[in-house]
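A.B. asks: So the protein sequences, as listed, match chains A and B.
Per the working numbering, the very first residue in the first sequence carries number 1; after that it's consecutive.
Per the working numbering, the very first residue in the second sequence carries number 1001; after that it's consecutive.
Errors might be hidden in some of the hints.
Partner residues are not named here, just some residues of chain B that face chain A (Cβ under 7 Å, in silico) [as the list claims (entries may be wrong)]:
| # | residue |
| --- | --- |
| 1 | 1058 |
| 2 | 1059 |
| 3 | 1104 |
| 4 | 1152 |
| 5 | 1181 |
| 6 | 1186 |
None of these hints come from the bench; they were simulated from the model.
Don't be surprised by glycine CBs; every beta carbon is placed ideally from N, CA and C.
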Amino acid sequence: MSHLKMWEIMERAAEGPYCEDDEFLYDLFLPKMKEVVRKYDIKFDPASPVPADDDLADRVWQAAVEFFLAVGVHNVDTQRRILISAAELNEALFLAPEQHVVGAGHETRFWRPRRIEDERGPFCIFSPDITYDEDIFLQASMAYVQEPLADGVCGPILEESLGRNITSGTPSEMVGVMEHAMLLRNATKLVGRPGLFLVAVGTAQSDVGQVSVSNNEWGVRASDGRLIGVLTEMKTDNELLNKVAHCKQFGCAIGCLTGAIYGGYAGGAEGTAVLETAHHLVGLTVYQHNFNNSFPFHLQYTSNSGREMLWLVSLVQQALSRNSRILSTSNGFFNAGPGTDMLFREAAAHAIASVVSGGDLWTAAPRHNKHRNYATPLEARLACEVGHAVARQGMTRAQANEIVDKLLVKYEDQIAEAPAGKPFQECYEVMKVRPRGWYLDMYQTAKEELHGLGVEFPY
Amino acid sequence: MTIVDKLVQAVQEGDAAQAADLARLAVEEDADAAALVDALAAGMRTVGDRFGAGEIFLPELMLAARAMQGAMGVLEPRLLESGAATARRGVIVVGTVKGDVHEIGKDIAITMLRAAGFEVHDLGRDVSALDFVRRAAEVRADVIGASALMTTTMPAQKELIDILVAKGLREKYHVILGGAPVTEEWIAEAGADSWGEDAGTAVKVLEKAMSDKHASAGS
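Take these sequences, add in the hints, and give me the full structure.
C.D. replies: In structure tokens, the structure reads:
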């Protein structure tokens, strides 16, 4: 939370230095990124998917700060740069709260920043991150909401409402987002967790869609949260800023959604780590967020469980944890589909790398985050159980590195051709909202394998 | 190293100023402009292949494409003077559909298509279905490319095709769809011609489509 007020941000978004798209990319973004990666001597080490180098983490932070202050955020609608001064950034970092309060009633959570190798468990948001069929949306939502380790849930996305396609920015979206919000709210009541922190609604792509579901009775409450994205890369637009303005007045938590692209404008793992850290500073100052959803991903695979991706996921969390109180949920994007050993291993590796590095968890998006119904709560459960276990046992980064390396050896050569797995309906008894027997057995086997590698589960 | 080799190297290294200077020097030395363009196209194809293989990243690809454009700015007038055709592979209008502001996938595809010799008209983001159709008519496009990153903006890809059908123009254009959530199943459901699963695939698919079209026109 910055002292900067919304109208100051909006003013800069409309009246900041004029800069067209090409100038922003070629004259500012690309050369500055190259400069800071070299200046701060940031180098990817494939032998350390979970690096334990505090100085490296601090250099990533310094590079991100220098990059952010120099480049700013580009508003593509006005072709203006929103610039934040060093003093304003430092003030925002100083004023960042010691804790945020989310959820309501018995589900109220006090969400506090974690330190590297912190023995306090991660804050866990369960989310499939993909679309489910309309006719199983309620049951799928209940399956996630009922997970005991869920501190919050971000429900599935709807592509149809009342049997008709939802198109963003049309009346079908207005109906669809209301249906989404109502079904998710009903899911919390049916499961007996009516106050659960919901991050909703993903079906609402447009600003109007987001505004229309703010309703403390049936929709998104002030005790819930919303995600507002940063465009690729270091960009925003008026529609996104409209969402910020609305959420600030409505009072819900703002989650800044950022996914720096490995292989994209920032280049390789080094630049992507710097960029993703800088994205958090956009959230802190421009969006005045309460937390960040961080999902750096590989351009080719749309996942973040490969060796270079885990390195940068870990490093981003360490940089943030050592230098700020920014809350960051590390969002797992995986290659394999549900009902496969590979997905459980990917989810575990990502959870370990994130949690020992000071991050919280937002999990999980299987099968490259693009196939309808291909996600289940069980891979998220495993990830969060692993996260709590490694925190509780005080796992060090060096120990984590050893385990993650062993997991990577088991799956990294399958990333390009990962198994598709099975959809939710084949993994769960849908109406009874419970995993099928074979699926529970597979999950249990995965836990036993992880126990053998050194993860001490409390149950 | 010949001047042609030096020019190709400058483009591959993304040195726009050097590429333009070398192109000018080559023209002054009466080099065959058509041969230079062919060499540059082959050089850019290597850059594209390296990008597809993950050996280089987007900044290197974009800087190389920019350097290529700089060199082409010098070479194209010479080609026209000499009466040689610029031999464009095809004309494409590309944009991100209405309601969607994500551009990186589209921009990568544009960079690689231009490097492969296509004339590409970038319509930008948040483009209405009707604007795709109007612009395609204006520039006499062969191909319409529509990108969507969100599942709830994908229906706008189908809307574009539905409008083409309604206007009796469907057979006039090859329609290619792209974007992270797009699948082969969606291509069939929407009624598109092809799927640009990634930028490299899009180039290959469209090269074949244009080749088939030209063969069909010639037969």
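A.B. asks: Of the hints given before, which are not true for this structure?
C.D. replies: 6
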